[in-house]
Structures are given as structure tokens and as C-alpha cells.
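Enquirer: Work out the full structure: start from the sequences and follow the hints.
Protein chains: 4
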Amino acid sequence: MIVVMEVRATQTQVDSVVNFFTDRGITPLVLPGEDRTAIGIPATLTTDQRTSFEAIIGGMEGVSKVTQTSYPYKLASREWHQESSVVQVGKVKIGKGFTVIAGPCSIESLEQMRESAKIVKESGATVLRGGAFKPRTSPYSFQGLAEEGLKILQGVGKEFGLATITEVMSPDMVEMVAKYSDILQIGARSMQNFPLLVEAGKSGKPIFLKRGPSATIDEFLLAAEYVLGQNNAEVILCERGVMPLDRTYTRNTLDLSAVPVLKEHSHLPVIVDPSHGTGVAKYVLPMAKAAYVVGADGIMVEMHPNPTKALSDGSQALNPEKFSQLMSEIHRLEAALG
Amino acid sequence: MIVVMEVRATQTQVDSVVNFFTDRGITPLVLPGEDRTAIGIPATLTTDQRTSFEAIIGGMEGVSKVTQTSYPYKLASREWHQESSVVQVGKVKIGKGFTVIAGPCSIESLEQMRESAKIVKESGATVLRGGAFKPRTSPYSFQGLAEEGLKILQGVGKEFGLATITEVMSPDMVEMVAKYSDILQIGARSMQNFPLLVEAGKSGKPIFLKRGPSATIDEFLLAAEYVLGQNNAEVILCERGVMPLDRTYTRNTLDLSAVPVLKEHSHLPVIVDPSHGTGVAKYVLPMAKAAYVVGADGIMVEMHPNPTKALSDGSQALNPEKFSQLMSEIHRLEAALG
Amino acid sequence: MIVVMEVRATQTQVDSVVNFFTDRGITPLVLPGEDRTAIGIPATLTTDQRTSFEAIIGGMEGVSKVTQTSYPYKLASREWHQESSVVQVGKVKIGKGFTVIAGPCSIESLEQMRESAKIVKESGATVLRGGAFKPRTSPYSFQGLAEEGLKILQGVGKEFGLATITEVMSPDMVEMVAKYSDILQIGARSMQNFPLLVEAGKSGKPIFLKRGPSATIDEFLLAAEYVLGQNNAEVILCERGVMPLDRTYTRNTLDLSAVPVLKEHSHLPVIVDPSHGTGVAKYVLPMAKAAYVVGADGIMVEMHPNPTKALSDGSQALNPEKFSQLMSEIHRLEAALG
Amino acid sequence: MIVVMEVRATQTQVDSVVNFFTDRGITPLVLPGEDRTAIGIPATLTTDQRTSFEAIIGGMEGVSKVTQTSYPYKLASREWHQESSVVQVGKVKIGKGFTVIAGPCSIESLEQMRESAKIVKESGATVLRGGAFKPRTSPYSFQGLAEEGLKILQGVGKEFGLATITEVMSPDMVEMVAKYSDILQIGARSMQNFPLLVEAGKSGKPIFLKRGPSATIDEFLLAAEYVLGQNNAEVILCERGVMPLDRTYTRNTLDLSAVPVLKEHSHLPVIVDPSHGTGVAKYVLPMAKAAYVVGADGIMVEMHPNPTKALSDGSQALNPEKFSQLMSEIHRLEAALG
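Chains as they are written, first to last, in our numbering: chain Z, 24 to 361; chain W, 24 to 361; chain P, 24 to 361; chain S, 24 to 361.
Hints are not guaranteed to be accurate.
If chains are identical, the list can't say which one is meant, so a pair holds when it fits in one copy or spans any two.
[As the list claims (entries may be wrong)] Using 25 Å as the maximum straight-line C-alpha spacing, the simulated PhoX-like pairs for lysine-lysine come out as follows:
#1 K286 <-> K119
#2 K228 <-> K345
#3 K88 <-> K141
#4 K97 <-> K305
Simulated from the structure, these hints should not be mistaken for lab results. Keep in mind it's a predicted model, so treat the numbers as computed, not measured.
Expert: In C-alpha cells:
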């Protein structure tokens with residue numbers, strides 16, 4: 024932490040800052056400058072200290088600004104954990120090769136999930152998705168099949184030899200969802216639902232954490248830190264689009280540069296969701312290929328056996344043909360570049 | 024709903040859209056234009072229909088865009104409920120006059136809350152705030168006193184004759200928090216935590232709903248709709264700042280024009296939180312006065328008996344003197360303009 | 024400037040950074056930390072050095088991040104110029120008291136400007152605005168009367184004893200516009216049109232600089248710095264709304280906390296434009312009052328003698344009655360609080 | 024255009040809207056709905072009419088909202104011009120194959136440009152870039168060699184058989200820049216500098232138009248419309264990153280989904296600038312490959328023979344090795360997918 028004083032800060036003001044730290048057993052280094060003084064804190068602070076010290080010091084007389092010199096996350100950081108993590112789910116290794124997670128937005132029926140799983144399996148994808156509880160923006164929209172849906176997902180996953188993933192939306196549901204699904208998804212709107220992060224972390228299941236639409240990279244990695252802090256090392260990050268400039272043509276702005284940024288600063292696997300990331304089926308294919316070439320560890324795509332009948336998010340789901348095309352273009356990229 | 028066809032849409036494509044609606048017993052009106060055809064849907068659609076029809080039609084061949092002609096919220100809308108709502112909590116009427124909610128970010132001790140309540144009471148404010156479970160961005164920060172804190176809040180509220188408000192963070196905590204607090208706060212990060220909205224709504228308690236940092240006005244009112252849909256008419260809206268252009272000088276951008284916008288389109292009371300809205304104590308006073316003159320029904324401010332000792336958000340909390348100054352400036356505005 | 028090294032940075036990497044500075048005659052201070060080393064640069068760097076050093080050092084091996092410890096602007100900064108500046112235009116003193124600038128978006132005719140000026144004058148406002156060259160988003164919209172319009176503005180200003188302001192859009196027009204108008208406005212879209220800033224600065228006229236819709240506070244003050252750097256101290260800052268979350272209810276988000284932020288960090292007068300800041304006539308009045316109470320030095324409002332006939336921006340212009348109401352509410356605030 | 028009335032709109036209010044149009048010789052269609060009435064305007068409006076009618080009608084009593092049913096741009100639109108445009112510059116065809124534009128941010132010397140051109144040429148890229156007038160955010164940064172630089176660019180371009188591109192920043196410079204450079208670049212900060220768009224358009228030279236950091240797709244295409252409206256069909260669009268959520272890791276957020284969106288709605292070629300789009304050299308390579316797979320017509324990259332000595336934007340420029348690697352990876356993609 025570096026405390027920068029104002030140009031006209033008095034010696035007494037500088038001393039107050041220095042004393043604040045020495046009172047706490049920390050020896051600051053004073054850097055006199057031509058215009059102003061800076062005070063460096065060489066010790067490693069806990070995040071608790073960082074936050075409260077910044078607040079207190081920032082409010083002291085004569086202080087111009089307080090700057091953190093280290094990143095606020097640690098368990099998620101590649102600085103402290105250099106090898107890339109691989110999250111293993113049955114035979115699927117997320118973080119090794121390119122993993123495709125696919126399936127409908129919502130679980131509607133056994134038949135729909137079996138049809139979906141068949142297509143997913145044949146295409147070479149390895150993880151089946153489907154929502155049992157849908158967090159819809161409007162209270163009047165379709166809300167999901169709940170436990171009934173979870174059973175369908177589990178059964179179909181086993182039948183087709185696919186790992187499964189579904190979203191959990193509140194801490195009291197973690198236990199039930201963990202009973203049926205291989206991976207627990209934390210949705211973008213829940214990225215900072217801290218009780219949920221903690222509870223999901225405790226389940227010991229792999230956690231698929233989606234970036235919130237206005238979350239910075241640091242906020243995203245701090246959310247991962249909550250899960251990792253529960254002695255759960257199985258965290259998968261997912262970029263799914265950030266707030267767009269306008270919503271005329273796409274529902275979100277898929278932030279693909281977040282992939283190399285996350286891969287550089289964290290050891291966790293990174294998946295891209297081009298379906299929610301654009302909100303429009305026809306843009307899913309190009310953005311999925313882009314995810315591949317920027318170094319993502321996989322994609323999550325919405326696919327529906329019959330998208331115009333889909334009970335939710337129909338406009339962004341691929342139909343089986345488009346999904347097959349996507350898979351064959353991904354295979355072509357793998358063959359050429361892998 | 025209006026469906027606008029592409030310039031080169033064929034008659035068959037127009038017919039497909041028309042048939043989609045007639046198949047569902049809805050008679051569309053076809054508006055031939057010079058360049059392109061538009062198709063109007065005069066019927067009132069349910070929100071479910073709006074969403075799924077938009078998705079399906081938007082994906083049909085020859086369709087250029089689909090436009091909704093009505094607002095997606097209804098219970099929260101002033102179009103359907105013309106008189107302004109007043110939420111009554113004991114003797115406090117939120118939505119009538121200007122209500123001040125104040126207190127520390129976190130409940131730290133009985134002594135701290137008694138000191139706070141004394142200052143709040145003497146200043147003429149009527150609602151005491153304090154957090155028992157703090158949703159901190161970082162897992163390493165202070166996390167709150169939990170039920171112990173709720174008991175302190177309740178006791179102190181009674182002792183000083185102040186209504187109380189505190190945040191509830193997950194559905195399974197609603198019952199406990201509702202036992203102690205007069206008003207339940209849904210934090211900005213939970214604005215789209217739908218299971219929580221539903222559960223809080225069911226409690227029958229007044230719900231204080233904070234706008235998410237990237238939530239549009241429509242998304243905010245739809246979140247309110249979730250609560251209202253539980254037969255709970257006691258919803259208070261709170262503007263607390265949206266995502267800033269940068270975070271160098273303020274933590275958020277307080278969107279004060281949201282106040283007249285919300286008052287026009289909704290009948291619900293609107294409170295402004297200038298403490299989180301700016302994140303900086305010295306900007307709280309001017310923004311609080313601005314909240315008054317733009318027509319807010321009140322403010323929520325962080326005040327701490329000794330802010331440099333505060334265990335969370337110290338830099339944005341007012342000290343007792345600054346809080347007194349704020350209250351006297353508000354009283355001056357009331358006297359002059361009220 | 025502080026250079027923070029990576030956790031695993033080698034001594035050689037630290038030395039390279041140190042040598043970079045000693046080679047340039049600057050003596051850095053090395054702060055060894057528990058985890059990582061930081062290197063402080065106590066000298067005052069020129070902005071040129073700041074920028075290029077940051078780029079070069081930021082790219083060196085072992086460097087984690089480079090942090091600037093001082094603000095990038097200097098002439099605009101209150102740190103270096105403590106008294107608030109007042110820009111005098113005839114008898115009008117911008118920065119002393121509360122200045123109201125009003126008039127139509129576009130100059131349409133002599134008659135329209137005379138009608139406008141009469142209303143402006145009678146209300147007690149002191150500066151008349153009107154656009155002669157309109158920067159419309161669409162090339163097909165009304166584009167202004169050009170020099171003909173400037174002559175009307177000048178004549179009407181003199182007739183009614185009002186100072187005048189109009190926008191200049193390109194460097195080659197500065198001379199002509201400066202011949203007719205008392206104040207030169209640089210529009211939000213031109214805030215980083217550097218050749219225009221320089222040319223306008225050189226004119227010696229007071230410059231009214233609007234904040235760009237995505238400009239940070241630092242970028243805004245750096246744009247002011249361009250003008251001030253031409254030995255022109257007469258700069259007025261104008262907050263006019265930043266990019267909104269969505270455009271359903273307002274065209275921009277008026278960032279009122281920018282007023283106290285700018286007043287704290289700069290000595291220049293700050294005006295608020297609630298007309299462009301909201302884009303909707305009915306929200307202009309509350310936001311104008313809010314501008315007053317947050318400490319702005321004035322407002323710029325669009326007023327049109329007959330807004331439904333206005334050739335541009337009709338929906339945000341006040342009609343004469345609403346403008347009179349606004350002025351009487353401002354006078355009431357002045358009487359009560361001034 | 025569709026005018027949607029409020030739920031409680033009276034018949035008189037509906038009639039006023041209808042009369043507004045019939046007075047102007049336009050016959051509206053009234054769509055009575057269950058809750059509210061909508062009024063459709065089947066005629067093709069000019070953009071001028073669209074804008075002014077929307078403003079006027081939007082302000083009328085009883086009107087809830089006004090929705091445009093067609094896109095505001097026309098010359099840039101693929102609806103009106105179905106084949107993809109190719110901009111030819113000497114032997115270079117932008118819009119056919121994948122064009123690489125490369126070179127330093129600023130022209131510093133003849134030697135530096137010759138070195139750059141040699142590397143560019145050998146790699147197979149075909150257009151040489153370099154800035155003679157640099158629009159720096161800070162007035163204290165390096166500002167460019169001006170006409171001297173333009174002569175260097177032209178000479179080196181001819182010597183190495185490369186087309187050339189450089190930025191023009193004000194209308195009065197268009198003539199001079201057009202004398203030396205094959206393509207005129209309009210920078211992101213100038214995207215809505217309308218006098219410059221008009222003047223550049225009139226030059227008859229190909230115009231390379233960068234998207235502004237907060238420009239929506241519609242605003243971007245309307246800016247292109249200004250140039251096209253000068254009877255200049257040679258417009259190239261460039262996505263170069265939009266405003267980021269924060270600036271900790273990248274300077275902008277490269278909006279790659281804008282590529283398929285622009286290719287769908289416009290016939291103009293689309294180039295991606297991953298250098299400014301990320302602001303960090305190490306992210307240029309992955310984002311350049313992503314630009315290829317999403318369907319861009321090319322990339323513009325900053326390359327400097329010796330980036331740590333670069334006088335501007337050093338941290339985002341590739342060194343010759345990294346640039347060669349980028350070109351060979353692009354060639355590999357072309358071979359595999361082209």
C-alpha cells in the first residue's frame with residue numbers, strides 16, 4: 024500500500040499517517056518527493072487490513088490518495104499458484120483441451136433432455152447443461168421444473184455418459200442440487216451472492232462461476248476467492264458478457280480479452296458462454312470460434328432440439344444443425360491449431 | 024408488440040408471422056409501409072408471452088425487429104395504480120414527507136448502536152440502520168455479528184423509539200431477520216436474487232429494495248414486481264448509484280434523475296442512498312440535499328459515532344458532526360421549500 | 024510513480040528498473056516488502072515522462088504494475104491554484120453567484136431569438152445561448168444557419184444586454200465564431216478534439232468546455248489543460264450527462280457528484296446542463312435545482328419560445344412557462360440558502 | 024414509426040396525434056388494443072422527419088412512447104445495398120481477403136519508418152500506418168512530426184510498395200493529408216466530428232472510420248453515413264474497443280461481436296484494431312486471431328521496430344518478433360480455414 028500526500032500536506036499530517044502504521048507494528052517507508060510525500064507500507068497486509076486501512080487513511084487530513092500495490096485475491100492468483108488448474112469431473116478434464124458444455128436453457132421434459140443429450144453426445148461435447156430453476160428477469164416468465172428437472176438431468180446424464188451442470192440459486196438449495204448435478208453453476212446475477220458462494224464452496228462439488236454483468240476482473244476473482252476459501256479448489260470461471268453500450272443488436276458485450284487476462288492472473292480454467300454473451304443465436308458460432316483462438320478452456324452453449332418451442336431464451340439457442348456446424352468448426356480449429 | 028419486417032421480406036415471411044399469432048387466437052394488424060411491412064399485435068400479452076413471442080418471432084426469417092409497446096412491469100406501475108403508495112412502519116410513513124434512515128454500516132456492539140441511535144433520534148431522523156451480515160466484496164473482510172447483531176438492533180430501536188432496517192442476504196435467513204427488524208433490506212447485489220425476493224415478499228414485512236449497479240429502470244421495477252407479486256404491497260425503492268465511468272473519485276455514479284423517472288412511472292416511494300452512491304463522506308451532504316430537491320421520499324445515510332474506527336466502509340460514513348450538519352441543512356430545505 | 028514488482032521478480036529484474044531511472048538522472052527508492060518489492064520515484068515527472076515511462080516500465084520483465092501518484096493535470100488543479108477562478112464576460116461573473124445560461128438549441132430566425140432573449144432577460148438569466156452549427160448525430164437533420172445565425176445571436180445579445188455563447192465545431196471556424204460570440208462552447212463530442220481545443224484556447228475568448236459522454240474526470244480536466252496551456256485562463260467546465268445504462272427514460276445520466284468532485288480538484292467554475300443531461304423537458308426542473316444545491320456555479324438550459332415547432336432537440340427544451348417556473352424556483356433556493 | 028398511447032389516454036389525445044400526421048399528408052393507422060392504442064405511421068420518413076416528429080410527438084399529452092421501426096442509416100445499410108463493398112487502394116482490396124495494416128503509432132524518423140516498412144512488407148502485410156499528428160489525451164505528450172512526417176510516410180510507402188494510412192484530425196488539414204496518404208483515418212475521438220467527416224468525405228479518398236469508445240452501432244453507422252453522403256463510397260469501419268468496466272487490465276473492451284453485427288447490417292468492410300482495443304501488447308495476438316475467426320476483413324496493429332523507445336503508446340506496440348509471430352499465426356489460420 025502506498026499513501027500519497029497532498030502537495031500542501033503538513034509535516035504533522037505526514038506524521039499522523041506514519042504513526043497510524045507504527046502503532047500497529049508496521050514500519051512505513053517515507054518517500055519525500057519534489058512536490059509531495061509518499062508513504063510506502065512494505066508489509067503484507069491481510070485483505071481485511073487493506074480494506075479498513077484504505078478507508079481510514081483515505082479519510083485523513085492531507086492524504087491525496089491511497090493505492091494498493093498488490094492484487095486483492097490470492098488463492099485465485101497465478102502469482103501464488105503457478106500451474107494451471109484442471110477440474111476433473113468423471114472423465115472430463117476442464118482446463119485440459121477444449122471442453123464443450125451444451126444443452127437447453129431450461130429442462131422442459133425427459134424427452135427434450137434425451138433429444139438434447141443425444142445431439143450433445145454425438146457432436147463430441149462432454150457436459151450437458153439444463154436449468155431446473157430459472158432466474159428470469161420477470162416474475163411472470165417460466166420458472167423451471169425444480170427437483171423434477173434435476174432428476175431428469177441426472178438420469179439423462181448417466182444414460183448418455185455426460186457430465187452434468189445446472190444452476191443453484193440460493194444457499195438452502197445447494198444440498199439438493201449437489202445431490203443430482205456433477206457441477207454447480209453460480210449464475211451471473213449471483214456472482215456476489217456471498218452466502219451462496221460459501222455454501223456452494225462447502226459442498227465440495229466443482230463450482231462453475233459466471234462473471235456478473237458489471238463485475239470487474241478483480242471482483243470476479245474475489246468471488247472465486249470466496250469459494251476457494253471453503254477448501255474447494257474446483258472452481259471454473261465463465262465469461263458471459265458484460266453490460267453493453269446499447270441493447271439494440273446484442274444483449275451483452277462478450278469481453279473476450281478477459282480470457283487472456285484471466286489466464287494470466289489466475290490459474291483457474293476459463294470457459295466462455297457465447298450464447299448469453301451475445302443473446303443472439305446467429306452470433307454464437309463466430310464468438311465460439313473466437314473463444315477457442317483466444318485461449319479459453321471451453322465454451323458453454325445453449326442448444327435446443329427445437330428452439331422456436333423453447334420456453335425460455337429461445338432466440339439465443341442454437342438448433343441441432345447450427346450446433347453441429349459449430350462443433351465441426353471447432354474440430355477444424357483443433358485439428359489446424361491444436 | 025410490433026413486428027417490423029425487413030425491406031426485402033417476402034409475402035410468405037409476412038404470412039408466417041401473421042399465422043403465428045392467428046394460431047394462438049390473436050388477430051394481428053398488418054401495416055403495409057412504403058419500404059417494409061409492420062405487424063401490430065393489439066392484444067394484451069402476458070409477460071410470459073411477451074418474452075417467448077419476442078424470442079421466437081425475432082428468430083423468424085424476414086423479421087427485422089420486434090418492439091414491445093407496453094412496459095414490462097404492472098404492479099409497480101403508476102399507469103395501473105395512480106396514487107403514490109405510502110409504506111407505514113409504526114409511526115413512520117415512508118412516502119409522506121422526507122424520511123431519514125441513518126446508522127452505521129455494520130452493527131459492532133451494543134454501545135456503538137446506542138450511541139448511534141441517540142444521535143439519530145436527536146437529529147430528528149426516524150429509522151435506524153445497521154448491518155448484521157455484511158456482503159463484502161472480499162471474503163477476508165469483517166462479516167458481521169449475525170443474530171447477536173439483530174438482537175442489538177431490535178433492542179436499541181425499541182429503546183429509542185426508532186423503526187429499524189437491516190439487510191437480509193439469503194432466503195433461509197428471511198424468517199430470522201423478519202423476527203427482529205421492522206424493514207427488510209435487499210441489497211444492490213441481491214436485486215436479482217429471485218428466490219430471496221420471493222421469500223422476502225412472503226414475509227409480509229416492508230421491503231427496502233436497492234437498485235443493482237447495472238440495473239436499468241425496467242429491471243429494477245421488475246425486481247419490485249417479484250416482491251409485489253407475493254401480495255406484499257409494502258415496497259420501497261432505493262437508488263444507490265450505478266456503475267461509474269471510473270472509480271478514481273467516487274465509487275459509483277449516483278443517478279439522481281432516476282428519482283423523477285421512478286416517481287413518474289411507479290407509485291412506490293423512492294429513497295436515495297448518497298453514502299453508497301458516492302462512497303465518499305464529503306460528497307454525502309451535497310448529494311443528500313440534491314435527493315431532497317429532485318423529489319425523493321427520503322435518504323439513507325451511513326453515520327458512525329467514530330468513523331475512523333469503523334470496521335467496514337469507514338470512508339463513506341459521516342461522523343456525528345457532519346451528520347448533524349446534514350440534518351440541519353435538510354431541515355432548512357424543508358422549511359424553505361416544503 | 025511507484026513500480027510494483029511481481030512476487031517472483033528476480034533481483035536482476037529489480038535492478039533493470041532501478042537502472043532505467045538512474046540512467047535518466049532520477050534516483051529511485053527501493054521498498055523491499057514481505058512478498059514483493061516496490062520502487063518509488065520521488066521526482067516530479069513531466070506528463071510526457073509519466074506516459075512514456077509508464078509504457079516502457081509496464082512492459083519490462085518482472086513488473087506487476089505501475090501506479091501514478093500524482094494527478095495528470097496541473098493548470099486546472101486546485102492543488103496548484105487554490106482560489107476559485109471567476110470568468111468574467113461583460114458584467115457576468117461565472118464562478119460568482121449562480122449563472123443561468125438559456126436559449127434555444129438552434130438559432131432559427133431573428134424573431135425566434137428576440138422572443139427567446141426577451142424571456143431570458145425578464146427571468147433574470149444573463150447569458151443567451153443558441154447554436155449556429157448543429158452537430159447532429161444524423162447527417163439528415165437540420166444543420167444550422169451558420170454565419171447568418173451568429174449575426175442574429177450577436178445582435179440580439181446586444182439589444183437585450185445579454186452575454187452570448189455558441190458552439191464552435193472546428194479549428195478553422197474559431198476565428199469567425201469568436202468575432203460574434205462572447206463565449207465559445209466546445210461540445211461534448213469535441214471534448215478531445217485537440218486541434219480545436221488549442222485553436223479555441225488561442226482565441227483568448229472564454230471557453231465553455233462540455234464533458235464528453237464517456238470522459239473520466241481526469242480526461243475532462245486534461246482537455247481543460249489543453250485550453251489553459253494556450254495562456255487562456257478563462258475556462259468554464261460543464262457537466263452534461265454521461266453514458267446511460269439504457270436510453271429508455273433519459274438520454275444520458277447526469278453525473279451530479281461530478282460537481283463537488285470538480286470543485287474540489289479544480290479551481291475552474293462548473294456549470295450543469297440538465298437539458299442534455301436528461302434529454303427530457305420534464306426532468307430539467309428537478310435536476311436544475313439539484314445542480315444548485317450540489318454547488319454548481321450555474322446551469323445551461325434549453326428554452327424555446329415554442330418547443331413543438333423547434334427544429335432540433337424539441338423534446339428537451341422548456342417552454343416559456345416551464346422556464347419561468349424553473350427560474351422562480353431557483354430564486355427561491357437562492358433566497359432560502361444563498 | 025409507432026406511437027404508443029398511455030393506458031388512460033383520452034380520445035382527444037389520440038386524435039391530436041392522428042391529426043399531427045394527417046396535417047402533414049401522412050395517413051396513420053390506428054391500432055386499438057385492449058389496454059391502450061397504438062398509432063402506426065406506414066410512410067417512409069426522412070431522418071429529419073423521424074427526429075423532429077419523435078421529439079414533438081414524444082412531448083404530446085397522452086403519449087407513452089415513440090418507437091422507430093426502421094434503422095436510421097441507409098447508405099451504410101445492407102438492406103439497401105446487398106453486396107459487400109470492397110475498397111480498393113492500389114493493389115490492396117479491403118473487404119476481399121484479410122488485410123493487415125501495421126506500423127508504429129507515431130512517425131518518428133525516416134529510419135524508423137523504413138525499418139517498420141521493411142518488417143511490414145516481409146511479413147506479407149500490405150498497408151503501412153503511422154501518425155503524423157497524434158491526438159494525445161494529455162497536452163504535454165509528444166504531438167507528432169506533422170507535414171514532415173507525412174512526407175516520410177509517403178516516401179517509404181512508395182519505396183516498399185505499401186499502401187499508406189494516417190490520421191487526419193481537423194477539416195482544414197484534410198487537403199494536406201490527402202496529398203500524401205492513400206487512406207485517411209478518422210480517429211475514435213473524432214467519430215462524431217461532423218465537419219471533419221464531411222470534409223474527409225469530399226476528399227474522395229478512402230476513409231477509415233474508427234468507432235468512438237461510447238458509440239452505439241447506430242451512431243457508428245450514422246457517422247459513416249456522413250461520409251457516404253458526400254458521394255464517397257469508400258468507407259472502411261474499424262472496431263477499436265469500447266469503454267471498459269475498469270482500466271486495471273486493459274485500456275478498452277474490444278467488442279468483437281460488433282464484427283458480425285456490422286457485417287450483417289452494413290455492406291462496408293470491417294477492420295479490427297486489437298492494439299488500441301486492448302492497450303496491451305501481449306493481448307494483441309489472441310485478439311487478432313479472434314478478429315480473423317469472427318469474420319473481420321482485416322486488422323490494424325501497432326508494431327514498432329523498438330517498442331521500448333517508442334515516443335507514444337509503447338506498451339501496446341508489438342516488437343518485430345511478436346509481429347512476425349502474429350503474421351505467421353494469421354497465415355496458419357488462413358491456410359486452415361480460408
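Enquirer: Could you work out which of the previously given hints the structure breaks and list their numbers from low to high?
Expert: Structure breaks hints 2, 3.
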